[in-house]
Structure formats: structure tokens, C-alpha cells
Amino acid sequence: MSKKSNVKQFTDVLEKLDFSKMYEGDFFLTWEKSQDEIEAVFTVADALRHLRENNVSTKIFDSGLGISLFRDNSTRTRFSFASACNLLGLEVQDLDEGKSQIAHGETVRETANMISFMADAIGIRDDMYIGKGNAYMHQVVDAVTAGHRDGVLEQKPTLVNLQCDIDHPTQCMADTLHIIHEFGGIENLKGKKVAMTWAYSPSYGKPLSVPQGVIGLMTRFGMDVTLAYPEGYEVMDEVVEVAKKNAETYGGKFEITNSMADAFKDADIVYPKSWAPFKAMEERTELYGNGDMEGIKALEKRLLAQNAEHKDWTCTEELMKTTKDGKALYLHCLPADITGVSCEAGEVEASVFDRYRDPLYKEASFKPYIIAAMIFLAKVKDPVAMLKKLEKNAKERRAE
Amino acid sequence: MSKKSNVKQFTDVLEKLDFSKMYEGDFFLTWEKSQDEIEAVFTVADALRHLRENNVSTKIFDSGLGISLFRDNSTRTRFSFASACNLLGLEVQDLDEGKSQIAHGETVRETANMISFMADAIGIRDDMYIGKGNAYMHQVVDAVTAGHRDGVLEQKPTLVNLQCDIDHPTQCMADTLHIIHEFGGIENLKGKKVAMTWAYSPSYGKPLSVPQGVIGLMTRFGMDVTLAYPEGYEVMDEVVEVAKKNAETYGGKFEITNSMADAFKDADIVYPKSWAPFKAMEERTELYGNGDMEGIKALEKRLLAQNAEHKDWTCTEELMKTTKDGKALYLHCLPADITGVSCEAGEVEASVFDRYRDPLYKEASFKPYIIAAMIFLAKVKDPVAMLKKLEKNAKERRAE
Amino acid sequence: MSKKSNVKQFTDVLEKLDFSKMYEGDFFLTWEKSQDEIEAVFTVADALRHLRENNVSTKIFDSGLGISLFRDNSTRTRFSFASACNLLGLEVQDLDEGKSQIAHGETVRETANMISFMADAIGIRDDMYIGKGNAYMHQVVDAVTAGHRDGVLEQKPTLVNLQCDIDHPTQCMADTLHIIHEFGGIENLKGKKVAMTWAYSPSYGKPLSVPQGVIGLMTRFGMDVTLAYPEGYEVMDEVVEVAKKNAETYGGKFEITNSMADAFKDADIVYPKSWAPFKAMEERTELYGNGDMEGIKALEKRLLAQNAEHKDWTCTEELMKTTKDGKALYLHCLPADITGVSCEAGEVEASVFDRYRDPLYKEASFKPYIIAAMIFLAKVKDPVAMLKKLEKNAKERRAE
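Chains as they are written, first to last, in the numbering used here: chain A, 1 to 400; chain B, 1 to 400; chain C, 1 to 400.
None of these hints come from the bench; they were simulated from the model.
Since we're looking at a predicted model, the values are computed, not measured.
Mixed in with the good hints there might be a few duds.
Intra- or inter-copy, both count: the list cannot distinguish identical chains.
[Stated by the list, open to error] Lysine-lysine pairs mimicking PhoX-like chemistry, simulated, CA-CA at most 20 Å apart:
| hint | residue 1 | residue 2 |
| --- | --- | --- |
| 1 | Lys4 | Lys381 |
| 2 | Lys392 | Lys8 |
| 3 | Lys395 | Lys59 |
| 4 | Lys381 | Lys21 |
| 5 | Lys324 | Lys265 |
| 6 | Lys301 | Lys279 |
| 7 | Lys388 | Lys4 |
| 8 | Lys59 | Lys388 |
| 9 | Lys4 | Lys59 |
With the hints as extra help, turn the sequences into a complete structure.
Written out as C-alpha cells, the structure is:
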């Protein structure tokens, strides 16, 4: 490539931010991070991408492992994490619970140490059961922190939350970085209206982490965030509180409505996506805990019936016309339930989805860089100096 | 190692060839490539092997992923692709459809982009259904080409066809490179007689890609290629046309016979291997399409019975004696059905197979280098300069 | 890190040892290695760890594969092998037999070659059937040795026995290196009493390789090794003979007792762990060979009943008090069956296990380095020079 990199545009921003506490830290929930820390992640993600686009290697590890631990299958998350690790020089090892001895009753503490002797990063996705996923991540971090303190581990691997029962930070930060790029800068988000709305899906039990993550994060930039859902599809109270407080603190708005039309009206950004009611997910978690399979089946049936009452909650061309200049930016974490394509009736009309296909793919493309930035900030003592050093060394990623 | 590398022997050949169109390209079918391009793959494969044998690193990637996507299990293909990627510096990530969301009805286009953000190569094996495998590979390439054009992907990964319904280019090029080495040069292939013949196997539905790939490729070097099979075991018409045209263009011969003995008579090279009739595979594809499991079972029964009528189609010592000086080079893509070893009656007598064990393993050993050469030629703008640079840098593969 | 490495402390030791025969060799059983060779593995393991702790890269491979082949699932062993390979620069490829064509009746010889074209190391765990695991490893080594000799493979991968039916060398050497560190040097092991004792477990058919490996290895250092088990839980005769001979040769003691109390009395080190009777494992192997599933079930039932007669064989606080100063070092290969934690009644009381948690995790932390040392000694012609070179080059493992 003939392009020349210019990492200064990013290090200049970083030099004004305080993110010193991220060193040797972990990433659980966006609202546990300061504004400077959130902006540091965006900036490092952009810097890593910029270097890669200019064929500059960003490998900061000569060897080392990145451990992925997923409770369910996930092509995209797996590839995002693997891409991020590879970009930094870590080799991915999957801890598939089906394959592992965790299933045999081992303690989390022991396994966490046993897999971490040479691990610099651990990515966990555990979004299935309310009250479990985030708690599990903390158990893992506590275990490896103690292991490092007690001389068992030569390094403490950094935890990246790849989706829990509460938040989906890598997704929502990728979504937001996409918006930042589309609107030409984080400073341009102020006053923009975001509609995070429920949408109909023929499937059952979709996680709450995306809507929760979105209202917990996007309320931080002075935006006007509306959460819309049919009555009964409430999300976690504590995240609603976070969103309210953010709106106050950062000079934005946060509203809840039961009308998709109200949410879409004049919106700059729309994010129509299905999820399950929080109360139902709590109930499911308890039923699974009791091994009550009959109860699970009954719940599933009830939830599908409940969903079916709201087939009109779908992102149509008509609704899109009511958004700002009829041109709101359509977001989705993918894969979407597309009416007439992946299902009979779903979250979005095919023509809307088709028109936004490129932006949607770009939105997804930020995720590996967000993950890499989280690891970078936890593992590099002086990120500004390191970015400059990488640019100066200018090791080619692909030999030319 | 005390040996000194001499990559000039390969770059001298490459300098006379025009393979400029391979840059940023893909590898679907051998007959879509020019003679110079085919020879460039052989030459780069030999050059990479020569460098590795002399302990010179051929890593052209500092980071990056090689994605493997197999519709069925395959130890050898998986290891060949992994070896090729590792040799060039790419880390392999398997996209196991069992694990992935492809199975959940996602579009090929979306998944292809989602896994390719940091992918430099994609290897696909999809040989099960007629009319599907090669078409699927084109869908993937179209998707990532559009993704790269539209700014979603920073690079377009190169596609390597690891076996489709039509051709098996990495296998047949490894077979041919083996022949080239055994006969002391590509120029010595002229006039050699190749017998690509059907052979009995107790199993059902073996793919057609090997015989098709062989007649589509080996007819290019002035060889006298005979395709032999019992009536009813016809291969795809369009590949037969390719073979005929090749023979005309390159001054060789292509014949079809229903006699194994005729094919073996005076052959320099024999390739006895089972396959299923093309028409039957078409029928099977349709039955699967209709979910007609009863039909599948009936077809399988019919095909096994049909196979059993031709148990005399087996590579015996007696037949081998009728080949050129009784010493034809015996080829197989492995694993073979060996009479009295892996089955009661199969493709080849144990004593014949045993005598050719070493050459067969060598034949297989070319495949990782063929795959690596295909990736190298698609990813390196000036392969001649790069080979010289690798030799000059002389980075050790294994520290000494 | 501000610490400075000093690899001379290790190379000084290595310079006095003769381990020249390990080059291009394999690691099957500890008692097939000389005293110098065993000490070389400990020393190189310590040296590699020392370099890593001082952030010095120990990558001796620029590319190359490490193949793992497990007959059963194993998180810890898989991660240990992956960590060791990664530390040296090899990329791990798992040969999962479920995925591979081995299951389809291929010969070991063929598969071993097909996966080894670019393999520098092969780690095998095959501990299930008596008379099979170690034999299988030899078949693989014979195959790749022939493949290398005959020009099929450019290098002979080195075999690391990750657990067989006879020995568990990487585990027992990690255990011993842990003891060496705890007691301040290999010279301090002389006269120390080791109690390798059977302990009750509610599960069935635990492998014999750990007790066998321990008595086969720990009798080499002038230690006083006692093997204790209830009548009927005998281990392999040939390993008992090894232990006896070692005790004679190296000036230690080896005794067998049927009393756990006798073994624990005044012990410096205790290793209470369940295993199945050797005779029963022989019987099971035969039953599996005959496909006698009814017989297997009956055997399992009988063995569980037999185990249950010995619930008093458990490592209690009371027993621990009878050890040297009440402070014997408690060892376990993990995971342990902990009474009241992972089972109702098991190998060890929870309070004992808890007190030794950190040392147990440290014990496990040596395994990746032991494996890496075995590969290093087989792949590096002059290990002393290489360690010095790595220190001198001082390539950072993690960029600072």
C-alpha cells in the first residue's frame, strides 16, 4: 500500500484522556468505565485499524494465548475474538465446555487457573441465565487475580466480556463506534435521537444484553435515547437506572415508551431488535435451576404466543419514512430476522435491511478492533508510546 | 542444516511465465487457469518446499487468518490447509457448520463477510452435492469481493477450492507435481500414458472430483490420458469436453474406454479409484433437496448392488504387469480401499499398495505446498522478488 | 519488567550433563531416560520459565505445527500442550478422532504421516486401555521415523507422551519439579519419605499411570517411596520392578504396604489418589475388545462396590498430623475428589485440600514447561548455546 500511516491523530486524543486504571484491568460493563476510558477504547480501536489498513503490524505479543469460553455456539463472536487476538499476536484456544472437565463438577477457580498459565486474555460469552453470566465472569477474574497474586500465574489474563446477562459491551461499543464514524465524530452525537426498540421475532428467548447495553452506553454522549417495547417486555431495572442517570449526567434524554411509532418519529438512529421479557428470563433461569423441563416447555409456548401478539412491531419502510429525513441509520447486531427472507414475519422488512446491508457489515467490522483495544489497554502500560513505537517500527503485516 | 538454498532455479522459471492475473484472484478449477498459471503454481510450490527444506522461513504474513470451511470431516484436507497457512504465517480458524450459525438459515453473503474481517485466505471443501459446491464457493467469493469493494473488508481473502463437485484442484495438482518429480520435469510428461480408471469399492457415493480433476488437468501436458469405467459410471459431460479440448490444444490424447485392461496396457501412470456415477449423484442431490430419505436409501442400495457387479475392477499385480515395463507409477488420493486390509475386496491388492507406499505418501506431501503456492500467488504482488527476498533474509524456520 | 534474566545458572548445570541422545528423540517413559536426561528436562523447564518470567521470548520455531491427539477429553492436558507449543512457536492442531478418518479404519502409519508434513511435535494421550496406549505411541513414532527416513517427511516430529497406560511422564515430572522447588534443590530430595497412596473415589476406572509414574520416577532421587493401597489394587508388576531397581541403584527405599496410616507416618510428601486395580483394567480392555457391553457394566458395578469397601482410605486432617511435623507436602494431579465439595466422600478432606490449594496450582503450573523442555531437548542440537542465544537476543515476549 502506498498510503502512509499517521497514528498521531489518535495519540493526540489519547494524551488528553485518563485511562491509567485500565492497565492490568478487565472489561465487564461499560457503565463501570469512565468517559475517558470509553473514549480511549474507541480511539485505540481506530488506531489499530488505521495501522492495519496501512499494513503496519500491531503484534504486541510474541507468544501467548487468548482463551475463549462460550456457553453457546457463536460463529461471529468466536471469529471476532480470534481476529482480535491474532491481530495482537495471541493464539486462540477454545475452552469448549462440552470438551472440558468443567462439566464434570470442577470448580471455576481451579479451571480458571489451569487454563491461564500462559493466557494473556480470556473472552467469555455467557448470556443465557439471568444472574449467572456476569457473576461467572467475576468468579473467573477473582480466581486468576488470586492465582497471579499467589505466584501461580506469571501474568493475570485480562477478561473481555463477550456478552453476559446484563451487558454486551463489545457489541454496543462497536455499534457506537460505527455511529461515530457515520456522524463524523463523537462530538456530533449530541442531541441525536436513538430508537432502541423491540421487534417481533418468531424465535424465543433472545438475550436482553443488546438493548440493555445500548441504553447503558448510548445515553453517555448527550443523545436522546428512547427505549420502546410492548407492555410486558421490560428490561432489568438496574440498567434502566443507569440509563436515566447517564442522561442526567451527560445532558441527554432517556425515555421509555410502548409505541414503536413514537420511538421512530424523527429518530437519527434506529435499532429494532427482538428480546425476551426480563421477568420471563428470570423465570426460565429458575426453571432450569430446578431442572423443570415441563415448565420450560410451557414457558416457551407462552412466550411465543406473547411474541405473536406483537407482529406489528416490525421495521417497515413506512416506519423508516417517519425518521429524520426518512434516513435514520438502521442498526442491528446481526443476524436479523428478515421478513420473507429468514422467516415469514420478523424484525425488519427485506427492502429496509437490503438498503442498509453495507453499513450493517461495517458496524460489525468494528467489533474485532473494539476487543483488541480492550486487551491492548489492559496489557500495555503506555499505550501512546506503544502506538508510536508500532508505527515507527513499521513491521509489515503482509510482506510486500 | 548445511545445505544452502538456491531459489534462482525457480525464479528463473517464473520470470518466463505470465501469471499476473493470479494476484488478488482465486482458485476454483484448473481449466480456468492458463498454462503459465498452472506452471507458476508448481514452481512456487517447489520453491516454498526448497526454502523450507533449507530452513528458510517463508512467512509472508505477520498476522492474519486462514479460514477453513468443510461440509464433511476431513483430517487430511484440514491438516494440509492448516500446514499451508502456518507455513505462510496465517492462523487457521475452522468454520465448523455444526458450530456456526450458517445452519440457522443465515445467508452465505452475511457469514462470508462476518468471518473475513481479518481473513487472507478461505479454503472450502464442498463436494457432496452436484451443482452445489462450486456454486457455493462462487457465492462466497462474490460476497467477499463486494465486501472489499464496499469498504467492509480491508482485504479480499483468496479462495482455495479444497474440493468441489466438479474439480479437486489441490489434489490433482499435487498428483501432477508428484509425477513431474518422478519423471524428472514437466517437459518429460509428453507422450506418457495415464490410466485414470474406476475401481471397485464397497462404499457408496465417492466423489467424482478426482477423476474429473485428473482428466481436466493431466490432458494439458501432451499426455495420453485414458479414462476407464464400467458402463454406467460416466462423469460430467462438461469435464469430458474440457479433457478433449485440452488434448487437442496441447498435443495429447484423451480416450474413454469400458475396459480396465485396455487402460492399463502400457500405461506409465495408473490411478485406479472408485467413484459414483454422475447421474446417480444428480439423483441423490435432488432426493436430498426433497428430503426424500426413503429415496436416498433405495438409491444407496441400488448403487451398492451396481458397484458389486464390478468387483473385477481392481488393481491387481497381474494388471500392473501389463503396464509399461510392469512398472507404472501407481497413484491414489488416499485413503484407498485395500483388499484384505481395509475391506474384503477393494480398489487395489495389498501387495501393489505396499510397494507404492512411499511414493503415495510423497504424492500427498505436495498438497500443503500446492495450497500455499495458490495463496502466495494470490497475495504477493511480485512473487519472484518475494522469493528472492525470503532467501536473502534467510530467517530460520527452526532456530539452530 | 525490571528483573534481569540470568540463564547461566541453568546452562552451568546443563554443561555437566550428558543428554546428547535426546536430540531428535522422543519421550515415552521416564525410566527409559538416564539420570542426566531427566535432570536436563528439569533444568531446561526451569530455564524456559525463567526466561518467560523475565519477558524473554523462547520461540525457537518461526512456523511449524504441534499435533495433539487425545483419546478422551482433557482440558488441562490440552491447554498444557498448547501452552508449551505456543511458548516455542508451534501452532497446535488437534487431531480429534471423532473428526478424523482414523475412526474409518485407516492405518496408524498412514495417518501419522499425513498429519506430519509440517509437524515438529506430536503429543498423545492414550491411557484408557491396558497394553494399548504406549504401543500406539510407538506405532506413531515408528511411522514418522520411517516417513522421515524415506523422504516423505522433511522432519521427524518428536513424540511427547501426555499419558499412556504405563506412565504419565509430564505429570510426574511436573510433580517432581514442584517438590524440587519446595525442598530447595534436587540434592535435598535424598532421604525424604514419599507416600503414594490409593484413596477412595466414587468414580470408576481411574488410570494407573499416575501411581506408576510416581513410583517409577521418584525412586530415582534417593527418596524413601512407599506405595500404599488396599489389597486388590495392585499396579503393573513391571513398574514395581522398575521402582525396586531404582531404589537399589540410587540409594533409596521402595516399599509396598496395605496401610494408609503406615505410608503417611512421618512422610515428607503425600500423594493420595484413586486408581483402578490393574487386573480389572486388563479385564476391561478385553471386554471392550470383545464389544461385551454387558460385561463392562457388570465390571463397573463390581469395581464401584469394591471401591466402596475402602471409604476410610481418605486424606484426613488426622492423617496429615501423623506426617513429618504434621506438614507433609500434599500432591495431586487434579482434579481431586474432595469430600463434601465435588462428591459426598472422596480422596481428601476439604480443609486439607484448601490449605494446599496454592501449592497444588503451582505443581500444575510446571507441566507446560516440562512439555516444552521435552520438545526443546529433542529439537535443539545445542540447548546450552540456544538458551544463551535466546537470552542474548532478548526478544520481548510481551512488548513493553
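Tested hints:
In this assembly of identical chains, the alpha carbons of Lys4 and Lys381 lie at most 20 Å apart only when taken from different copies (19 Å versus 26 Å within one copy). Within a single copy, Lys392 and Lys8 get their C-alpha atoms as close as 11 Å, which meets the 20 Å cut-off; across copies the closest is 33 Å, which misses it. Taking the shortest alpha-carbon separations for Lys395 and Lys59, both the intra-copy value of 9 Å and the inter-copy value of 13 Å come in at or below 20 Å. In this assembly of identical chains, the alpha carbons of Lys381 and Lys21 lie at most 20 Å apart only when taken from the same copy (10 Å versus 44 Å across copies).
With identical chains, the CA atoms of Lys324 and Lys265 are at most 20 Å apart within one copy only, with a shortest distance of 7 Å there and 79 Å across copies. Taking CA atoms no more than 20 Å apart as the test, Lys301 paired with Lys279 passes inside one copy only; the shortest distance there is 15 Å, against 45 Å between copies. Taking the shortest Cα distances, Lys388 and Lys4 sit within 20 Å of each other inside one copy (14 Å), while across copies they are farther apart (25 Å). Taking CA atoms no more than 20 Å apart as the test, Lys59 paired with Lys388 passes inside one copy only; the shortest distance there is 13 Å, against 25 Å between copies.
For the identical chains of this complex, Lys4 and Lys59 are intra-copy neighbours only, at 19 Å inside a copy versus 23 Å across copies, given an alpha-carbon limit of 20 Å.
In terms of the numbered hints stated before, the structure departs from none.
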